[in-house]
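A.B. asks: Chains as they are written, first to last, in my numbering: chain A, 1 to 114; chain B, 1001 to 1111.
Calculated from the structure, these hints are not laboratory results. Keep in mind that a hint or two might mislead.
Heads up, incomplete: computed chain A residues facing chain B, CB under 10 angstroms, no partners named [to be verified]:
1) V4
2) Y10
3) K13
4) G16
5) E48
6) E52
7) N56
8) F60
9) L90
10) A92
11) G97
12) A98
13) T100
14) L103
15) G108
Cβ coordinates follow ideal geometry from the N, Cα and C atoms, glycine included.
The lines below spell out each chain.
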Amino acid sequence: KAGVTQTPRYLIKTRGQQVTLSCSPISGHRSVSWYQQTPGQGLQFLFEYFSETQRNKGNFPGRFSGRQFSNSRSEMNVSTLELGDSALYLCASSLDGANTGELFFGEGSRLTVL
Amino acid sequence: GDSVTQMEGPVTLSEEAFLTINCTYTATGYPSLFWYVQYPGEGLQLLLKATKADDKGSNKGFEATYRKETTSFHLEKGSVQVSDSAVYFCARMDSNYQLIWGAGTKLIIKP
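Could you put the whole structure together from the sequences, leaning on the hints where they help?
C.D. replies: What follows is the structure in structure tokens.
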């Protein structure tokens, strides 16, 4: 069974640009959650999508957005990038929802903002 | 606010040593508790969990007991192997069904 796949794995952007990250969950999983991981703040929850609907949202500005498609693949977008957005962005899928706490993570997309 | 505190790493042990990684949490009520592990070059994966007080989660020789009196969920293993070298994260579920994570503890096992 294929795991959670995130693309791209690495990317470099400049301030003010926007970026889109993609996540393919494990087959059959309907929930996709996104996290930001930084050395200073650790793992922070961005949002969860379940069957194409945003089910939960963390405390991030509106520049961070996401969506989920009918095949459960998800994308997250960050607009007007700031230096502080440099981080590892992790996607996690879950069969029954992130509220179970049983998440399967991808390896992440490492974003560097210059 | 809600938080999870883990012992700072790195923790360096010799093979076959006994392992304890401390984890304490703040909470109202009795949240579900989790340990996740991140092996080098891999994504985070659930190691074990406990959903109510006095529950013991176990997997791959690791154990953790939900202690409501001390609000702790310490991870233990009786005899570690080099292959256990990884970063370990403690987490708890909050009232909004989001996971609150500890900072992670890097474990290094020397042969």
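A.B. asks: Measuring from the C-beta of A:E48 to each C-beta in chain B, is the shortest one below 10 angstroms?
C.D. replies: OK, holds: A:E48 within 10 angstroms of chain B, min 8 angstroms.
A.B. asks: If you take the shortest Cβ to Cβ gap from A:G97 to chain B, is it below 10 angstroms?
C.D. replies: holds, 8 angstroms
A.B. asks: Quick one, is the A:A98 hint okay against chain B at 10 angstroms, beta carbons?
C.D. replies: holds, 7 angstroms
A.B. asks: Checking hints one by one. Is A:A92 an interface residue toward chain B, by the C-beta closer than 10 angstroms rule?
C.D. replies: Holds, about 8 angstroms.
A.B. asks: Does A:N56 pass the interface check with chain B, least Cβ-Cβ distance below 10 angstroms?
C.D. replies: Result: holds, 6 angstroms to nearest chain B Cβ.
A.B. asks: Against chain B, is A:L103 within 10 angstroms by beta-carbon distance?
C.D. replies: holds, 7 angstroms
A.B. asks: Can A:T100 be said to touch chain B, with a Cβ gap under 10 angstroms?
C.D. replies: holds, 9 angstroms
A.B. asks: Double-check A:L90 for me: the hint is only fine if its C-beta lies closer than 10 angstroms to a C-beta in chain B.
C.D. replies: holds, 7 angstroms
A.B. asks: Any CB of chain B closer than 10 angstroms to the CB of A:V4?
C.D. replies: Since the shortest Cβ distance to chain B is 6 angstroms, the answer is holds.
A.B. asks: Double-check A:F60 for me: the hint is only fine if its C-beta lies closer than 10 angstroms to a C-beta in chain B.
C.D. replies: A:F60 check fails; min Cβ-Cβ to chain B is 12 angstroms, beyond 10 angstroms.
A.B. asks: Is the interface hint for A:Y10 satisfied, with its Cβ closer than 10 angstroms to some Cβ of chain B?
C.D. replies: violated, 14 angstroms
A.B. asks: Min Cβ distance, A:G16 to chain B: is it shorter than 10 angstroms?
C.D. replies: violated, 30 angstroms
Figure legend: structure checked against the earlier numbered hints; hints not met, in rising order: 2, 3, 4, 6 and 8.
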